[in-house]
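Trainee: The primary structure of each chain is shown beneath.
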Amino acid sequence: MTTTTSPRAARDTEPLAAGQPRPDGAPGHGPGPAPSSGAHPTHGETGATLTVVRRKHVGRWVTAAVLTFLAAQFLFSLATNPRYEWGVFAEYFFAPAVLSGLGLALLLTVLGTLLGFALGTVLAVLRLSPSPLLSAPAWAFVWFFRSVPLVVLILVFYNLGYLYPTLGLGTPFTTDYWLVEFQTTLTITAFAAALIGISLHEAAYASEIIRGGILSVDAGQLEASAALGLPASVRFFKIVLPQAARAILPNAFNLVIGLIKGTSVVFVVALPEIFYTVQVIYNRNGRVIPLLLVACVWYALITTLLSIAQYYVERRFARGTSRVLPPTPLQRVRSAVGRWWGSLASDQGATPPGPGGAGRAAAAALATETQGVTR
Amino acid sequence: MSAPALNQPAERAEARSGRRAGTGAEVVIDAVSKSYSGTQVLKDVSLTVGAGEVVTLIGPSGSGKSTLLRTVNHLETVDSGSVTVGGEYIGYALRGGALHELPEREVLRRRTRVGLVFQHFNLFPHLSAVQNIAIAPVSLKKLGKDEAEERARALLSRVGLEGHGDKFPRQLSGGQQQRVAIARALALEPEVLLFDEPTSALDPELVGEVLEVIREVAGDGTTLIIVTHEIGFAREVSDRIVFLDQGEIVEQGTPEQLLSHPTQQRTRDFVSRVL
Ligand SMILES: Nc1ncnc2c1ncn2[C@@H]1O[C@H](COP(=O)(O)OP(=O)(O)O)[C@@H](O)[C@H]1O
Ligand SMILES: [Mg+2]
Numbered sequence: 003m004t005t006t007t008s009p010r011a012a013r014d015t016e017p018l019a020a021g022q023p024r025p026d027g028a029p030g031h032g033p034g035p036a037p038s039s040g041a042h043p044t045h046g047e048t049g050a051t052l053t054v055v056r057r058k059h060v061g062r063w064v065t066a067a068v069l070t071f072l073a074a075q076f077l078f079s080l081a082t083n084p085r086y087e088w089g090v091f092a093e094y095f096f097a098p099a100v101l102s103g104l105g106l107a108l109l110l111t112v113l114g115t116l117l118g119f120a121l122g123t124v125l126a127v128l129r130l131s132p133s134p135l136l137s138a139p140a141w142a143f144v145w146f147f148r149s150v151p152l153v154v155l156i157l158v159f160y161n162l163g164y165l166y167p168t169l170g171l172g173t174p175f176t177t178d179y180w181l182v183e184f185q186t187t188l189t190i191t192a193f194a195a196a197l198i199g200i201s202l203h204e205a206a207y208a209s210e211i212i213r214g215g216i217l218s219v220d221a222g223q224l225e226a227s228a229a230l231g232l233p234a235s236v237r238f239f240k241i242v243l244p245q246a247a248r249a250i251l252p253n254a255f256n257l258v259i260g261l262i263k264g265t266s267v268v269f270v271v272a273l274p275e276i277f278y279t280v281q282v283i284y285n286r287n288g289r290v291i292p293l294l295l296v297a298c299v300w301y302a303l304i305t306t307l308l309s310i311a312q313y314y315v316e317r318r319f320a321r322g323t324s325r326v327l328p329p330t331p332l333q334r335v336r337s338a339v340g341r342w343w344g345s346l347a348s349d350q351g352a353t354p355p356g357p358g359g360a361g362r363a364a365a366a367a368l369a370t371e372t373q374g375v376t377r
Numbered sequence: 253m254s255a256p257a258l259n260q261p262a263e264r265a266e267a268r269s270g271r272r273a274g275t276g277a278e279v280v281i282d283a284v285s286k287s288y289s290g291t292q293v294l295k296d297v298s299l300t301v302g303a304g305e306v307v308t309l310i311g312p313s314g315s316g317k318s319t320l321l322r323t324v325n326h327l328e329t330v331d332s333g334s335v336t337v338g339g340e341y342i343g344y345a346l347r348g349g350a351l352h353e354l355p356e357r358e359v360l361r362r363r364t365r366v367g368l369v370f371q372h373f374n375l376f377p378h379l380s381a382v383q384n385i386a387i388a389p390v391s392l393k394k395l396g397k398d399e400a401e402e403r404a405r406a407l408l409s410r411v412g413l414e415g416h417g418d419k420f421p422r423q424l425s426g427g428q429q430q431r432v433a434i435a436r437a438l439a440l441e442p443e444v445l446l447f448d449e450p451t452s453a454l455d456p457e458l459v460g461e462v463l464e465v466i467r468e469v470a471g472d473g474t475t476l477i478i479v480t481h482e483i484g485f486a487r488e489v490s491d492r493i494v495f496l497d498q499g500e501i502v503e504q505g506t507p508e509q510l511l512s513h514p515t516q517q518r519t520r521d522f523v524s525r526v527l
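Protein chains in written order, with the working numbering: chain A, 3 to 377; chain B, 253 to 527.
Please keep in mind that the hints were generated in silico from the structure rather than gathered at the bench. Misleading hints may appear alongside valid ones.
Stated by the list, open to error - Here are some of the chain A residues that sit facing chain B, going by a computed Cβ distance under 10 Å:
| id | residue |
| --- | --- |
| 1 | Ser218 |
| 2 | Asp220 |
| 3 | Ser235 |
| 4 | Val236 |
| 5 | Lys240 |
| 6 | Ile241 |
| 7 | Arg248 |
| 8 | Arg321 |
| 9 | Gly322 |
| 10 | Ser324 |
| 11 | Val326 |
Glycine is no exception: its CB is placed at the ideal position from the N, C-alpha and C atoms.
If we strip away everything but chain B, and leave its shape as in the complex, we get (with noise of 0.2 Å):
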């Protein structure tokens, strides 16, 4: 990778063949910190991703990546500090300098700007997979429900599962049901994906076909932030890699910069452990 020479993720971006531009949004995360009955879990995270940039998490358990990762879309609250998504806060108005909590109708509406995939999958078990991708969209009233199952289907071949519409998450592989929720997230045509470790829970023969599907979501110029333990992939998805460590931004910089020239102890002690 020709990495180095391009400092902007845009240019990055449209350096990368095939990429849409303009889809994505950027995430301001501006000094948030964050505690669990008194043990700080994010201390003091400030983190711009721009629009269309693909953003690596990494960092040894425990270290906040998941924490972090959540506050994004407003399913974890802070204590301090602020997450904006396209310039928009997920969980508030901000009003005479101070911001006010949203009732939850509009914090729903906000938060379908980002889609978060699991590392468990979370797939509604009582729900065939196309369900599972049409209910948002029919509930939001975004779609018809006709409309939003052709989608569905459509949205099942893009992740390569074409005729398995019908079928419920447990008649599935790891592999397909992990696809079928990238689908579910896709649905809402989200300016930014969230990434919470999504190939963990899976048969080390079932990872790469996971990963083939992010790579080509990662071409279409949405927004990524993926928490990972697979440093190739990495590597080769990221304009860059953010390096947590104990709650704390200890590096980041480009693959090639932070995997193979640390300058941080740290870093360098994580990235021999993982390489």
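Chain A on its own, in the form it takes in the complex (with noise of 0.2 Å):
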């Protein structure tokens, strides 16, 4: 058992007897061995201790192996075969062009995700008004923006000079812009037409993503929320957006390490992002292979550290949504490490290896480690 569902009162009892699986299906950790009773079965009266032999999962290791082989193999080519040119790869990886656009690929990136959330939030809520007035706006905003390319609005926000060579406030319906008035194409510069393109593009799906989120919310939290006469704000922000964070935040994620490769669109009104920048160099030397790696490792760097980010970021909304949480990879390794050293402790003091020292090492470590992570 965990020691965070600490002793009931002995009315509290639950129908649940220590080891019985849980019927909330939270993964608890097997069978869980009481550390003092010992979690093998004694049989009757003999007194004789029952060994559990696991079953044998023949599939599952020879997909495994052949799963190893097939990756092994590909790392050998990859360290053999001279055509990837590991040379020219490293020259340009730091190359000052190649961080640059690293660089402006992340700042479009963060900041069309800002802005596309914002906007996306809003949308979200405006759609799901019961007043047509707010929701149809809302629902012809997504459609619009989810029906045009990303690079034709960044062209035309470009060019908007073009269909509009002034824009400002004056007399409804005509260029009399007595009020302000500013020249289209100065105020548009390549950067702003490509971040208001992203924007507008990303809120279009992140307004869906989230009102997803909104949706998988359960109907008795807002009525109890409307009961306790909450306010709007904190009905939203405190109750139904960090439940809709769950179902949000995979899409989400989802959404911004798309963008990150996404924004190699913005080469159409030639801002040198990473991708175009690799484009450009591998048109003047012919090492296409290496170059093309170069931005590949960086995305993929970039996609890991958002993965990374992503699994904690999705453990903290997961809060209260069983009764105790899986240990991260982090606490699974410590406690495997703990694990075998427990099994080393106690083949020196002659116990028998298997289920016995090492059963009960592993319940000593799953209770440290559940402790840590109920929160």
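Two chains, two separate frames, one set of hints: put the complex together.
Mentor: Rendered as structure tokens:
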């Protein structure tokens, strides 16, 4: 049993004996071995301890062996095939042009995500309004910006000066801007055009992701909030959104990771994003493969960082969704090391190897580990 | 119980030991009708619940008990008729002989006079027990955060959950969750408390602990309207039992009158089924 569901008052006894699988599907740690009583069924009056023989999963091992072989083969070819030209790769990986291209991609991604999700949240809320006066425009926005390709959006904003040479405020339906007036081409730079296009495009997709998340929250939560008289902002930011986040986050990270690579379209307004930069370089020197690898490895690095961030952010929002959260990979490794250490120690103490010592060590490791992860 | 001797709810309230008078509000439900897409769910229902009175609503499933209860705190609007709590309309202002819908902020403020406990608890799963209880007083600026959490812990011990404040709802049993939900409803010190089948989602052995808490709340002068199928509990705790069937009040009276000597055939049939 976990140490977190501390001893209950007698009248609160659960219809659950220690070690039974939890009905709520919480990923308990198998038959939870209570360290004192021992996890192993004792056979009646004989007192002999019965050993559990684990089922052999032959298929799993064969699959794993095949996959390992294929991966090894690929890695071997990466290392030995001269056409990958790792020297060229190394030469360009930290080249200033490549790094500034990467910086631009990251900047557009960060700003596009912030603006996109902010606007997307507003759109999602409008879209869920019972009044068609609000939901219809939000629907139309999403329809429009999901219909138009991002490239076209960016081009249109960049060339807005062709359609509307000046922008401003003045008499409606005329170009008599007697209040304020801008030269469109001066106001909208290539970067601004790219950022506006990306933000509007992202907002349309983000709004659907957020709307899906909001819809996934049980209606009883809103009823309870309303019954308590919670103001609308508290209902949204403290009750609905934290619960919707569970459904929003995986899709949101998908969108962000997609956008990192998606920003390469800004080459249409001659902005040298990383992918465009390596293309320019290999068109000059003909080293196509190593330069593509430069871009890919950078993308992979950023995706890795985002994936790790995703894991921990999702975990943060999983608070309260199950009685005990499963351990993080890091905690798993630590507990495995503890288990291994424990079995070494018990081997020396002349305890027979196997479930005896190792099981107890594992139980102890799990017990310490679950203490740390209930929040 | 010597119930029949006392007719006025206030008298009975005083008669019950330890009850403080004066913290509850009167609820007046006047000729309320409500339809959902053509079917009439409430038919011209009128019911007055005195300040501090404990009234139980019983009736078959689908008879409109929940709907009636939810009209009291304006979670459900009515098609005609009106509901007042302590003389105040929750959702409207009476001006020039017409009911004008109030802005949401004002509705929310008035609604805090009424607490509601749900069948399925509806606790906020991502907040600890203390946070569940403290969120309303804090966000409505009635108490500071520290003060609210301190009071939340006090309320938790009042419902017998001392030391469980930092647990999340899923780490508590059903009976414990419902007790947290009652503490949450009590946090705003409502004048009226509504219970919608508070024990129907619980395992039988957990029902008692929740009823115990409601019994305790019933003793402190708050007006209580309880929908329940626990007839034994209703008999013990109520000043009055109201029998609802097909959206109408068929019969009402003291527990003794309604359960032991019903005058209507429909009441008799229902009572004999559930007793
Ligand atoms: N939102 C709704 N839309 C349509 N019908 C509803 C809705 N809510 C309740 N009803 C109907 O109203 C009737 C009364 O419901 P309810 O008040 O929940 O009954 P009870 O609580 O007595 O079981 C039922 O027939 C139910 O189907
Ligand atoms: Mg109901």
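Trainee: Hint by hint, note whether the structure agrees.
Mentor: Status of each hint after checking the structure:
no.: 1; hint: Ser218; verdict: 13 Å, violated
no.: 2; hint: Asp220; verdict: 8 Å, holds
no.: 3; hint: Ser235; verdict: 9 Å, holds
no.: 4; hint: Val236; verdict: 4 Å, holds
no.: 5; hint: Lys240; verdict: 7 Å, holds
no.: 6; hint: Ile241; verdict: 6 Å, holds
no.: 7; hint: Arg248; verdict: 9 Å, holds
no.: 8; hint: Arg321; verdict: 6 Å, holds
no.: 9; hint: Gly322; verdict: 4 Å, holds
no.: 10; hint: Ser324; verdict: 6 Å, holds
no.: 11; hint: Val326; verdict: 8 Å, holds
Hint 1 from the earlier list is the only one contradicted by this structure; the remaining hints agree with it.
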